[in-house]
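For the record, the sequence lines run as chains A and R.
Following my numbering, the numbering of the first sequence begins with 948 at its first residue and continues without gaps.
Following my numbering, the numbering of the second sequence begins with 201 at its first residue and continues without gaps.
Any given hint might turn out to be false.
[Stated by the list, open to error] Selected chain R positions facing chain A (Cβ under 8 Å, derived; list incomplete):
1. Met257
2. Ile261
3. Ile297
4. Lys300
5. Ala301
6. Asp302
7. Lys311
8. Leu315
[What the hints assert, rightly or not] The list that follows gives simulated cross-link-like pairs (lysine to any residue, SDA-like), each with its CA atoms no further than 20 Å apart:
9. A:Lys1007 with R:Thr658
10. A:Lys1146 with R:Thr658
11. R:Lys576 with R:Asn511
[As the list claims (entries may be wrong)] Listed next, with one range per pair, are the computed distances between beta-carbon atoms:
12. A:Thr1003 with R:Leu244: 38 to 44 Å
13. A:Ile1234 with R:Ile281: 56 to 62 Å
14. R:Glu442 with A:Met948: 52 to 58 Å
15. R:Leu212 with A:Pro1016: 53 to 59 Å
16. A:Asn1185 with R:Leu244: 36 to 42 Å
17. A:Pro982 with R:Glu740: 42 to 48 Å
18. R:Arg619 with A:Ala969: 57 to 63 Å
19. A:Ser1002 with R:Leu212: 49 to 55 Å
20. R:Thr744 with A:Pro982: 35 to 41 Å
21. A:Pro982 with R:Lys733: 51 to 57 Å
22. A:Met948 with R:Lys399: 57 to 63 Å
23. A:Thr1003 with R:Glu562: 42 to 48 Å
Honestly, the hints are just simulated from the structure, not real lab data.
Ideal Cβ positions, reconstructed from N, Cα and C, are used throughout, including at glycine.
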Amino acid sequence: MGLNLIVLIKQVPDTQNITGNAMKEDGTVNRGALPAIFNPEDLHALEAALTIRDSTPGSKVHVLTMGPPSAVQVLKDSLYRGADFVALISDRRFAAADTLATSYALKCAVEKIGSYDIVLCGRQAIDGDTAQVGPQTAEKLGINQITCVSRIEDIDVDKRTITAVRSIEGGYEKIRAKLPILLTLTDEHYLPRPPSAIKLMTYKSASTEMSNTDFDESYLTSGADLKAENTISLWDINAIGADPESCGLAGSPTKVKTIDLVVLKSEDLRMIENTDESIGDMVHELIADHTLG
Amino acid sequence: MENFFRDNEDILFHFEHMDIDRIIRLKEDDFQNPDNSPYAPHDLEDAKDSYTKVLDMIGEISGENLAPQAADIDKEGVRLIDGEVRYAKGTREVLDIFAKADLMGFCFPRKYGGLNFPAIMLAIAAEMVARADASFLNFGLQQDIGETLNKFGSEELKSKYLPKLATGEFGSSMILTEPDAGSDLQAVRLRAHQDPDGKWYLNGVKRFITNGNGTIGLVLARSEESAPGARGLSFFLYERDEKMVIRRLEDKLGIHGSPTCELQFNNARGHLVGERKRGLSRYTMWLMNSARIGIASQAIGIAEAAYREANKYAEERIQFGAPVKDLPPVYEILTEMKISIEAARTLLYETARIVDLKEGLEHLKEHYPERADEVKSDLKNYARLTNMYTPMIKAYATEMANKVAYDAIQIHGGTGFMRDFDVERHYRDARITSIYEGTTQLQVVAAIGGLTSGTIITALDEYESEDFSHASDLHNVLLAARNKFEKALVYIKGVEDADLVSYHARRMVEMAIDLIQSYLLLRDARHSERKLKIAETFIEKMSTRITMNSDFIHDGGSSLLRNHREIIG
């Protein structure tokens, strides 16, 4: 008996490789100037799901992302790395969603898939850095959650339990919980596998396909040659049965009041003596104000 | 993100302009997808798009994963522990990536889990890998053994082993050399005998076996007791078991990440590949030709890495108040390095293109016998060209890499001599390239036949039919040089003294390579002003070299033959 695994991923601007015009004058991110990438911790979540699938015969990995049509790229990337099914949740009415509206839409999409055992996502996305969407989705689904998982130690399919190691300040804790569960993954253990050249050639021309019909679960138990595996499903607000009032801007209580543009610049020059003690003091000072470390 | 495909303008230039439509059609059975594979291309654009994407992938793995580990791989080296080879940590990690990325069957047919890519794409990929770490190429993107098996092995052997090579589960090695059979493989002694049931068993010692720990090996062995020389040799597939012992690993100057093994076969089971007695003359020669292009790519990769280090250093190193790159003796060296790398690359792709056409036509002949007549003369032509171009690129690229790596250290001055900098590693790694898979001297022996048989004239005439009106002055210089070469060729063909012919063979082959490269660089110049400048500077010196070589041949130039005994005893 395999496991149904669902990975929630996000396409994000690459804030780790900042170029000159990364910010607009109003202090918001200039998404056009930054390459769009697979959110790094989500890649680790995908790897965790693929690892579980590979060691638990009969399992399937579904990958969902909410975003604009261009987010198809991270779904293709998921297919190249071995995902069994991918769907893009995309609709103008999802635009400007905060974390609450996002987790509501994701909850609807997860429920559309139907039965599932483990939902995995990255701990947080590198654009918003809130780390809220995973936990909120679990709450809305009404299932257990373990956040900041560095490693999954064991899954007992018969007893339907999972044992995971969770990163906490100063160490780790080991938690056993019942399935179904949502996990948020850190980047500590699951080194993402590379895309496969064969899968890349198989799926590179995959296109999105509008699917308003009910989710067809038959492929979960049948062979691998069904159409669902060769295309990227496109689910709009109706397809996942979401209430428009709870989606996008309408469903987002978070309102940005103002944005302050903080430009860091040194205001004075300080000379320190070239002695171990002075350098040590300087290093401690930099650590204290979080410039280092 | 380091990407050795995206950051290499010359590779991208060639990739954009190379004429590979016919190669793709042959390789892809005119897009009929006979194996009904889900990842077969639908048309030319689809195939090229896949090539781009996969090369991009290899460029990234090379730049991001392999190159940063190369220095550690070199330091750590390989070890023999309890009879098993242990690769360096970085090697193991990147091998795992290559396997997971489904790249290990780069050239194998799709029905065995391969990508079915042509040799010309392998040449690009292999260079990028070698630029990152030369040692890794010897097994990381090793296609020659699988390809030889694919070409000559039985369906049983192919379906048993090729899929495992393609997933990376199995490694492979070519097991040819023996203590007393190096360049002279006809002297191979490792014995193969059959038991009454017809099973083959191997007994004897092999030496200097690159990646001899591979799960399967292709072994050249003496199957015919009574037949001396090449006629007594057959080719066997051996799968690793306890009947073969890795006696030792060699302690080498370079390519420390690549294990070089001494193997002892103790009645080990072998499986005959192809027909008896054709082990050397047919299968080993085919395997070596394929491997020689790999070594040429490896050499160019090393040269590219060394050149980049040297160029960067020359920009940063300030002496006499300015970067040393501004000094004529330094920029001359750098310019020569760059030109020779690009001259090698254009010859590499030309060679790979010829090989692909030959292999593609053979494939067509075999699978569509009704079309055999239609391609007969083309096939004969490309087979001849393959036999001439392959040793030429092996000789040129590997000697070039040694020179470039030497010069890269020179540009660094004393710093380059230190282990802290990468150029000394490139220098050590380059050194083997002009030795293994046949020394440069053997490449000359292999190539000279193409000169005396007239293949070179056919090849040059073929180029001559192209349009060079974009550079007519340079074309004229080239024609004058060609004239001198042909006079020397007529002279050499008339000489009856075998030693004299052998003595001048290298000069003759070097002249031929010079001419071919001049044509190719002029061809490249059609698409780029910069390439026109490269052609100009190359042809200027080429012309002088040809004059020197042809004068030397014509004007006697044989005192060495008379005097060498007195001089070296």
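Evaluation of the provided hints:
1. Met257: It holds, given that the least Cβ distance between R:Met257 and chain A is near 6 Å, below 8 Å.
2. Ile261: This hint holds: R:Ile261 lies near chain A, its Cβ roughly 7 Å from the closest one there, short of 8 Å.
3. Ile297: Status holds, d = 5 Å.
4. Lys300: holds, 5 Å
5. Ala301: At about 4 Å, which falls below the 8 Å cut-off, the nearest Cβ of chain A leaves the hint on R:Ala301 intact, so it holds.
6. Asp302: Holds - the Cβ of R:Asp302 comes within 8 Å of chain A, reaching about 4 Å at its closest.
7. Lys311: Given a least distance of 12 Å, the restraint on R:Lys311 is violated.
8. Leu315: At about 6 Å, which falls below the 8 Å cut-off, the nearest Cβ of chain A leaves the hint on R:Leu315 intact, so it holds.
9. A:Lys1007 with R:Thr658: violated, 59 Å
10. A:Lys1146 with R:Thr658: violated, 43 Å
11. R:Lys576 with R:Asn511: violated, 48 Å
12. A:Thr1003 with R:Leu244: 38 to 44 Å: holds, 42 Å
13. A:Ile1234 with R:Ile281: 56 to 62 Å: violated, 43 Å
14. R:Glu442 with A:Met948: 52 to 58 Å: About 40 Å separates the Cβ atoms of R:Glu442 and A:Met948, which means 52 to 58 Å is violated.
15. R:Leu212 with A:Pro1016: 53 to 59 Å: violated, 29 Å
16. A:Asn1185 with R:Leu244: 36 to 42 Å: holds, 41 Å
17. A:Pro982 with R:Glu740: 42 to 48 Å: holds, 43 Å
18. R:Arg619 with A:Ala969: 57 to 63 Å: violated, 39 Å
19. A:Ser1002 with R:Leu212: 49 to 55 Å: violated, 41 Å
20. R:Thr744 with A:Pro982: 35 to 41 Å: violated, 49 Å
21. A:Pro982 with R:Lys733: 51 to 57 Å: Violated: the Cβ-Cβ distance is about 34 Å, outside 51 to 57 Å.
22. A:Met948 with R:Lys399: 57 to 63 Å: Taking Cβ atoms as reference, A:Met948 and R:Lys399 lie about 45 Å apart, which means the hint is violated.
23. A:Thr1003 with R:Glu562: 42 to 48 Å: holds, 46 Å
Hints 7, 9, 10, 11, 13, 14, 15, 18, 19, 20, 21 and 22, counting from the list given before, are not met by this structure.
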